[in-house]
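Peer 1: Read off the chains here:
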Amino acid sequence: DVKVTQSSRYLVKRTGEKVFLECVQDMDHENMFWYRQDPGLGLRLIYFSYDVKMKEKGDIPEGYSVSREKKERFSLILESASTNQTSMYLCASSTPGTRITGELFFGEGSRLTVL
Amino acid sequence: AQSVTQPDIHITVSEGASLELRCNYSYGATPYLFWYVQSPGQGLQLLLKYFSGDTLVQGIKGFEAEFKRSQSSFNLRKPSVHWSDAAEYFCAVGAVDTGRRALTFGSGTRLQVQP
Numbered sequence: 001d002v003k004v005t006q007s008s009r010y011l012v013k014r015t016g017e018k019v020f021l022e023c024v025q026d027m028d029h030e031n032m033f034w035y036r037q038d039p040g041l042g043l044r045l046i047y048f049s050y051d052v053k054m055k056e057k058g059d060i061p062e063g064y065s066v067s068r069e070k071k072e073r074f075s076l077i078l079e080s081a082s083t084n085q086t087s088m089y090l091c092a093s094s095t096p097g098t099r100i101t102g103e104l105f106f107g108e109g110s111r112l113t114v115l
Numbered sequence: 001a002q003s004v005t006q007p008d009i010h011i012t013v014s015e016g017a018s019l020e021l022r023c024n025y026s027y028g029a030t031p032y033l034f035w036y037v038q039s040p041g042q043g044l045q046l047l048l049k050y051f052s053g054d055t056l057v058q059g060i061k062g063f064e065a066e067f068k069r070s071q072s073s074f075n076l077r078k079p080s081v082h083w084s085d086a087a088e089y090f091c092a093v094g095a096v097d098t099g100r101r102a103l104t105f106g107s108g109t110r111l112q113v114q115p
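Sequence order for the protein chains is A and B. All residue numbers for the first sequence refer to the working numbering, where the first residue is 1 and numbers rise by one. All residue numbers for the second sequence refer to the working numbering, where the first residue is 1 and numbers rise by one.
Source of the hints: derived by calculation from the structure; they are not laboratory data. Predicted model only: the values in this text are computed from it and were never measured. Worth double-checking, as some hints may not be accurate.
[What the hints assert, rightly or not] In silico negatives: residues of chain A with every beta carbon more than 10 Å from chain B: (1) SER7; (2) VAL19; (3) GLU22; (4) PRO61.
[Said to hold, decoys possible] To give a feel for the contact side, a few chain A residues facing chain B, derived at Cβ under 10 Å: (5) VAL4; (6) ARG9; (7) PHE33; (8) GLN37; (9) LEU41; (10) LEU43; (11) ARG44; (12) GLU56; (13) GLY58; (14) ALA92; (15) GLU103; (16) PHE105.
By construction, the Cβ of each residue, glycine as well, lies at the ideal position given by its N, Cα and C atoms.
Please put together the full structure from these sequences, using the hints given.
Peer 2: Next comes the structure, spelled out in structure tokens:
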């Protein structure tokens, strides 16, 4: 089975802190994604990566950055956390291709609270 | 750009009753369509997907969905709901010709099951 692991299930940080959310997948997937989930808004794409060191902005990239140094690992970085970044963060991976021929496999999520 | 609308934020059904969750999409060509389920505190799990061919798609846990191009809809159905089906359900669309490899999600429908 595909396994997408998010290292922290729950985090509490203070405004202005730098926050790292880590995600690891074990299925050799080229594509990896970070979504943010908020009540009533569904999932919104922050960033995605289709190869090592490659990244593309999603729909809401402001205030976030990402790092993909190894194929299996995709990190989301909040350079200076703010209270409006309190949310559930979901990592996902998928098989490659110029077309979407596969599904997204999700981690269990990281719930971040910024005080 | 593609978009997804789930008109029902919250639905309550009795155990054993039938279920239909609505999903409408906006996309210029034939989309790739997905339904995901999220149990409390968990990540998202794929229920079913439509790429092409038969417009009635069978998924896991007894769910099915029907793609209706004329109505731009992909509604999820289950003939008899079980208490364990209480969860949040997300419809998603994938684009083929834009090169965007990420899915666009609806805002979700929360299902409550009464005994």
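Peer 1: All hints, please: hold or fail.
Peer 2: Here is what the structure says about each hint:
The non-interface label for SER7 (chain A) is consistent with chain B: the shortest C-beta to C-beta separation is roughly 14 Å, beyond 10 Å. Distance check for VAL19 (chain A) against chain B: the nearest CB is about 20 Å away, which clears 10 Å, and the non-interface claim stands. Consistency note on GLU22 (chain A): stated as away from chain B, and its beta-carbon is indeed over 10 Å from all of that chain's, at 15 Å minimum. The Cβ of PRO61 (chain A) sits about 12 Å from the closest Cβ of chain B, beyond the 10 Å cut-off, so the non-interface label holds.
A cut of 10 Å between beta carbons decides the hint on VAL4 (chain A): the least distance to chain B is about 7 Å, and the hint holds. At about 9 Å, the closest approach between the beta carbon of ARG9 (chain A) and any beta carbon in chain B falls short of 10 Å, and the interface hint on this residue holds. This hint holds: PHE33 (chain A) has a C-beta 6 Å from the nearest C-beta of chain B, less than the 10 Å allowed. For GLN37 (chain A), the interface hint holds, since its Cβ comes within 10 Å of a Cβ in chain B; the closest pair sits about 8 Å apart.
Of the supplied interface hints, the one on LEU41 (chain A) holds, with its beta-carbon coming within about 6 Å of a beta-carbon of chain B, less than 10 Å. For LEU43 (chain A), the interface hint holds, since its Cβ comes within 10 Å of a Cβ in chain B; the closest pair sits about 4 Å apart. Interface restraint check for ARG44 (chain A): the shortest CB-CB distance to chain B comes to about 8 Å, inside 10 Å, so the restraint holds. With a cut of 10 Å, the hint placing GLU56 (chain A) at the interface with chain B holds, because the nearest CB-to-CB distance is about 9 Å.
With a least beta-carbon distance of about 6 Å to chain B, the hint placing GLY58 (chain A) at the interface is held under the 10 Å criterion. Hint status for ALA92 (chain A): holds, given a least beta-carbon distance of 8 Å to chain B, under 10 Å. A cut of 10 Å between beta carbons decides the hint on GLU103 (chain A): the least distance to chain B is about 5 Å, and the hint holds. Here the hint on PHE105 (chain A) is kept, as its CB sits about 8 Å from the closest CB of chain B, short of 10 Å.
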